[in-house]
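Let the sequences and hints guide you as you build the complete structure.
Each residue of the sequence shown is one higher than the one before, counting from 1 in full-length UniProt numbering.
Misleading hints may appear alongside valid ones.
[Stated by the list, open to error] Cβ-Cβ distance ranges computed for the label pairs, FRET-style: (1) 70 to 157: 17 to 23 Å; (2) 305 to 131: 45 to 51 Å; (3) 131 to 289: 35 to 41 Å; (4) 236 to 131: 46 to 52 Å; (5) 141 to 31: 37 to 43 Å.
These aren't lab readings, by the way, just hints derived from the structure by calculation. Think of the CB as a built atom: it goes at the ideal place given N, C-alpha and C, for glycine as much as any other residue.
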Amino acid sequence: MTSNPSLTLLIAAHDPTQGAALAEMVQNLRPGVQVVQFGEGEGAGEVGGEVTLAMVVEQGGDEQLGELSSRVRARHPGISLVVIAARFDDRAIDIAAQVGAAAIVPSPCEPGALLRVLKTQERKIDFSGRCGAVETGELLRLHASALSSGILHLRVGERSGAIHLEDGQPVHAHCEGMRGPDAVRELLSWTGGKATWIAGRSASARTIVGRIEGLLERELGDAQRSRDLLDEAPLDVLDKIQRLAQTPDILAAYLLRNTEIIAGTNDSTLDEVVVGRALARLAQVFHDIEDQQGDGAGSEIQATVGEHRLVVDRLGPSRLGFQVGVVVRQATPVCKSLRRLLRQIDRSFRKSLAASARKQAAAGSGSSGSGSSGAGPASSGPLDADTRETTGLRVA
Numbered sequence: 001m002t003s004n005p006s007l008t009l010l011i012a013a014h015d016p017t018q019g020a021a022l023a024e025m026v027q028n029l030r031p032g033v034q035v036v037q038f039g040e041g042e043g044a045g046e047v048g049g050e051v052t053l054a055m056v057v058e059q060g061g062d063e064q065l066g067e068l069s070s071r072v073r074a075r076h077p078g079i080s081l082v083v084i085a086a087r088f089d090d091r092a093i094d095i096a097a098q099v100g101a102a103a104i105v106p107s108p109c110e111p112g113a114l115l116r117v118l119k120t121q122e123r124k125i126d127f128s129g130r131c132g133a134v135e136t137g138e139l140l141r142l143h144a145s146a147l148s149s150g151i152l153h154l155r156v157g158e159r160s161g162a163i164h165l166e167d168g169q170p171v172h173a174h175c176e177g178m179r180g181p182d183a184v185r186e187l188l189s190w191t192g193g194k195a196t197w198i199a200g201r202s203a204s205a206r207t208i209v210g211r212i213e214g215l216l217e218r219e220l221g222d223a224q225r226s227r228d229l230l231d232e233a234p235l236d237v238l239d240k241i242q243r244l245a246q247t248p249d250i251l252a253a254y255l256l257r258n259t260e261i262i263a264g265t266n267d268s269t270l271d272e273v274v275v276g277r278a279l280a281r282l283a284q285v286f287h288d289i290e291d292q293q294g295d296g297a298g299s300e301i302q303a304t305v306g307e308h309r310l311v312v313d314r315l316g317p318s319r320l321g322f323q324v325g326v327v328v329r330q331a332t333p334v335c336k337s338l339r340r341l342l343r344q345i346d347r348s349f350r351k352s353l354a355a356s357a358r359k360q361a362a363a364g365s366g367s368s369g370s371g372s373s374g375a376g377p378a379s380s381g382p383l384d385a386d387t388r389e390t391t392g393l394r395v396a
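Okay, structure coming up:
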């Protein structure tokens with residue numbers, strides 16, 4: 001076990017002026033940090049301490065990317081290394097993993113990002129122990145629970161890929177030409193690989209808008225649980241959503257679970273991918289607010305953009321994670337009746353769940369029982385008695 005009571009920082013940059021500017025920024029943030037520039041004459045004795053952290057400013061074309069980081073790693077194999085670059089695409093992340101980068105920082109550097117790296121290094125205690133045979137999905141779950149921001153990089157032979165997280169939620173993934181959720185599921189199926197955690201935000205394009213719960217539930221393959229929860233309910237609900245999409249001035253209607261689109265359709269005048277992505281993002285915003293407010297967040301979120309209104313509303317109990325998302329044309333008659341139409345779908349969904357619960361209870365105990373009585377009132381109340389609140393979001 002090795003602690004880091006004080007920092008001696010090594011800075012490497014292709015351009016000396018960049019190195020000097022970075023050194024000045026670091027010393028303004030942490031006046032006690034000792035800095036040495038990487039070069040032929042650098043050495044620990046010149047700064048009165050052992051180098052404990054290196055920051056490498058990568059620059060130039062694709063052919064040069066990683067060359068400076070590799071030189072620093074070869075000369076200082078045991079230190080923590082931070083890679084700074086203008087962008088972190090798939091290749092840049094692979095290179096950062098190859099040199100064993102502890103963190104990445106997008107360039108131009110923000111003082112807050114540098115300060116987080118310095119604070120982490122000051123608190124860090126290095127342990128030499130390593131272990132394998134840990135489920136990759138569990139690694140992802142642990143980083144999600146810790147609200148980590150960084151990249152989980154995986155390598156198996158010549159194959160490699162990565163999952164990017166921000167505040168514990170996957171935002172991008174890539175491997176072998178795949179992107180987004182498909183890449184996550186592929187990576188979680190690899191065995192015998194090497195996992196590398198690289199702290200920091202990559203500022204990559206977002207290819208994942210769903211929450212991590214949806215990814216991990218799908219990966220766990222809990223098909224029996226999903227079938228028990230739904231039984232015959234989706235057929236009825238999907239039929240109503242299909243009819244909802246055919247209503248004049250309703251341009252799209254989709255069923256979502258854990259913020260992921262699982263079924264639905266939209267008008268030919270709208271881009272299906274764009275509409276699906278927008279509704280999934282709106283659903284994620286609702287879940288984020290719900291995490292903060294609890295039941296006070298209500299059941300619905302809306303966004304108005306130009307002539308379109310986007311609405312995402314909960315279906316059934318919140319623990320199941322189902323929502324219906326619609327896009328309607330603003331200032332049309334259907335806007336006044338939309339809430340009533342969505343409540344009808346919700347009641348139908350709850351009735352189907354109650355019927356499924358009664359059927360399962362009868363099959364298990366030989367009697368009809370009363371275990372589904374909690375769902376009854378939700379499916380039998382009058383339309384105007386619905387008192388569920390609305391979370392509103394308006395986009396100028």
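Could you see if the CB distance from residue 141 to residue 31 stays within 37 to 43 Å? 40 Å Cβ-Cβ, so the 37 to 43 Å window holds.
Just tell me: holds or violated, for the beta carbon distance of residue 236 and residue 131 against 46 to 52 Å? Check passed, 49 Å falls within 46 to 52 Å.
Given a hinted range of 35 to 41 Å, is it respected by the beta-carbon distance of residue 131 and residue 289? Given about 38 Å between the Cβ atoms, the range holds.
Just to be sure I understand the hint, the distance between the Cβ atoms of residue 305 and residue 131 should be within 45 to 51 Å; is that true here? holds, 49 Å
Starting from the hint 17 to 23 Å, judge whether the C-beta atoms of residue 70 and residue 157 obey it. holds, 20 Å
Going down the numbered hints, you'll see the structure goes against none, and every one checks out.
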